[in-house]
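Number of protein chains: 2
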Amino acid sequence: MIFIKKYFQVSFLFSSLICSSVMALEPIDLLITNATVLTMDENKTIYNKGLVAIKGSKIIAVGNGDLAKRYKAKKELNVDGDLVMPGLINTHTHASMTVFRSLGDDVPDRLHRYIFPLEKKLVSREMVRIGAQLANVEMLKGGVTTYADMYYFEEEVAKTVDQIGMRAVLGETIIQFPVADAQNAKEGIQNTLKLIHAYKDHPRITPAFAPHAPYTNTTDILKEITRLSLLHKVPVMMHLAESLRENEVIAQRSGGKSPVAYMAEIGALTPYFIGAHLININDEDIALLKKHDVGIAHNMSANIKSAKGVSPALKMFDAGLRIGLGTDGPMSGNTLSTLDELGQVAKVHKLVNQDRAAMPPVKVIEMATIGAAKALHMEDRIGSIEVGKLADIIVIDTKSPNMVPLYNPYSALVYSAYATNVKHSIVHGKLLMQNRDLLTVNENVVRKEALAFSDKVRKTVIESGELVR
Amino acid sequence: MIFIKKYFQVSFLFSSLICSSVMALEPIDLLITNATVLTMDENKTIYNKGLVAIKGSKIIAVGNGDLAKRYKAKKELNVDGDLVMPGLINTHTHASMTVFRSLGDDVPDRLHRYIFPLEKKLVSREMVRIGAQLANVEMLKGGVTTYADMYYFEEEVAKTVDQIGMRAVLGETIIQFPVADAQNAKEGIQNTLKLIHAYKDHPRITPAFAPHAPYTNTTDILKEITRLSLLHKVPVMMHLAESLRENEVIAQRSGGKSPVAYMAEIGALTPYFIGAHLININDEDIALLKKHDVGIAHNMSANIKSAKGVSPALKMFDAGLRIGLGTDGPMSGNTLSTLDELGQVAKVHKLVNQDRAAMPPVKVIEMATIGAAKALHMEDRIGSIEVGKLADIIVIDTKSPNMVPLYNPYSALVYSAYATNVKHSIVHGKLLMQNRDLLTVNENVVRKEALAFSDKVRKTVIESGELVR
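Residue numbers (the working numbering), protein chains in the order written: chain A, 38 to 506; chain B, 38 to 506.
Honestly, I wouldn't trust all of these hints.
In this list, chains with the same sequence are indistinguishable; a pair is considered to hold if it fits within one copy or across any two.
Claimed, not checked - Simulated pairs of lysine-lysine, DSBU-like, Cα-Cα distance not exceeding 35 Å:
1) Lys485 x Lys196
2) Lys158 x Lys436
3) Lys158 x Lys81
4) Lys436 x Lys345
5) Lys270 x Lys485
No wet-lab data here; the hints were simulated from the structure.
Nothing here was measured: the structure is a model prediction, and the numbers come from that model.
Chain A on its own, in the form it takes in the complex:
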């Protein structure tokens, strides 16, 4: 009897051990191991020799490497100590304009003298598709996993985003004069409603209204857009406080108000609003932006290249506003990876604040990730590597000579990294780039289509002698 009891005890112990061990191996899709994980969570937790476990579209674990024994992964990505961080977010661009990149770079009053006429001649459904494809390739290879776009024929952009597997907020332009896909602002609104209808439930695409600017739309249209945005619960993206001329026009319209104060006055600042640029603003404007919980896209490259000035982005960040980095369009920036902005953002804010300690690297990385997610009002889903969030993750090569040695990862990313140091990219749990090879689109085909279209651009606006610098 004693023997029998013992036998059962031992047997039970063994089987429970085996059972618990088997039970513990949770099947997952992707396990990133041997990683230096910059989580960008609230405490800026960093795991050395860490891991990230991904199941479906979500992060189900992040922590020290010894957690690995809990999982049985379909695929393991041992990153050999490289940096693993949230995918970069580009809060403001006009992706399709890649096919116009570097045309008329330094032309004064360029928007009205150059860009609008150029677009009148050349923007088409085909141009938007071809340009967006190239932009997607450039952004994904540069570590951008989510971007916010404002352009025409946005349903064409949506198709390309759907195909490549990235995440995007896509805003259909609304403007008071005839453009490629609408005769007036009302048609622009109708186009947006169609886009909302088509993409409202897409897991990676958020449709949005994109009124061009306050000075290119009437007060009535801006109010109507706000109403519809609240009704459909979709973002409104707009250029705001970008030029001194805008301040003059809006002051005239509103009895002396700043563009931000005017927008607040007409009820157009809401938690669905995302403003790009915000260069010419004062402390009262900043207080209004905060009060109305709006998101802000800070585009350093484009703003200084156009000599428009430097947004008080550091002040807004420190005041707790929702602010992220953007590249602006490829005719403005001229590249599309948020990574290209990092060093400039740090350095130019030091310069204008006359303080080398101003805008330290960690703040810049925050604005490229979780800050940008907040700007897009998506911080519950993306922007950091935390359990329950969507798995939008990139891996940065630390073997490239510019990244050696690595004493401080934030500093290395901000002051040393190139967009081309991005090695792998994961969006919505799916590996889209491995060892810099794109897995969902053919990069050569995309380039060839863009080059073929650029021949048309060359013939139309360069060789014809029109719009030549």
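Once you have looked at the hints, place chain B on chain A.
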């Protein structure tokens, strides 16, 4: 008889044809074909479908592709339409400091509070060699073919430059307090004389004096260095007009003079002089710099990262001064390719001049190539692709998505290119990098030595709690 005459005539005709054709095939070492050649010559000539012919260390032809039939090349490099341009020149760096990159990035008064103490602990012959090796790899991969260096134990840097095959101006530091390789300025001068003796006739290495700054050397020492520089016909490189504190110290020493006016007064500005930074200068200083035909290194990244200000580089360029771009050291910049400076130089000068047309791309490329060659007083030998010049040439990949499409090569280089877009590098006629693979050094060994040294740095100054930010 008639028949015979005719036979001889025809025969003579044939043989002379064959002869001339055979005679015309000049044997050369390297032929670059199918190139978009940005010569950076006086007229900024660009050859589409062009070629460059190299024999020994020199360029013997540049022009349209049909010249190819004149040559029989040992090696042909068909670059498929990519950009071929003069190798980039980095006019100011401290290469060996790569092993300290990103330490104490944002510490105020960093030179005295952080860098000098750090160097006192860690600079050694070994550190200089290991750091320079890594810097060489980074620079060569980033398109730099010539650099100007100021540091300690420069003969160690010289050995690494000799091995990798790059070109460099190497300046031994002279400073009035004890440093790693000298107890005082006089010992620094002795070290420089030894360097001059060893490298005076090297085909790719130019030894130089490198007094640290006017405020860290006495007037007597600066005069003695000037005398020796003229005697030995070697450059003097020095930080000049870099900080407001420097202006104060020199004003006190000289009865109110600016650093530039003081240097002119003591006879230290000569055609052998190369000044780095020149931030705090006025129009009289610029006139003095021009009058004395000095070279100038403009280091945008380092100057704005340290919040020191923006040099009036555009004014100096437009006034015809000898000015080129520099990266400064990797604790200041923090990367070492001149290519990383291009966009920042263009954009920040637009910002401070409040003019988007200011500092157009072609001027920036000039400062990265022939302008930099002028700054180093080497424009007779390098800085442009012209017959008779040394073959220091790089090839830039135009297939990378950020480089597509390519309407204006200067614009693409300045606003879009990454250092990693450099595909091939040739120095002194020799191919040193092909398809981004280095041919004269083992990049992995270089990285491993640097990482091993960085462990020592980590233990000495980080884990010990000393010098932590």
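These are the hints, each one checked on the structure:
Taking identical chains as interchangeable, the C-alpha atoms of lysine 485 and lysine 196 lie at most 35 Å apart only when both belong to the same chain, with a minimum of 19 Å there against 45 Å between chains. In this homomeric assembly, lysine 158 and lysine 436 come within 35 Å of each other (Cα to Cα) only across copies, at 26 Å, whereas the closest approach inside a single copy is 46 Å. Within a single copy, lysine 158 and lysine 81 get their C-alpha atoms only as close as 48 Å, which misses the 35 Å cut-off; across copies the closest is 31 Å, which meets it. Within a single copy, lysine 436 and lysine 345 get their C-alpha atoms only as close as 37 Å, which misses the 35 Å cut-off; across copies the closest is 31 Å, which meets it.
Taking CA atoms no more than 35 Å apart as the test, lysine 270 paired with lysine 485 passes in neither setting, with 39 Å inside one copy and 53 Å between copies.
Comparing the model with each earlier hint shows a violation of hint 5 alone; every other hint is respected.
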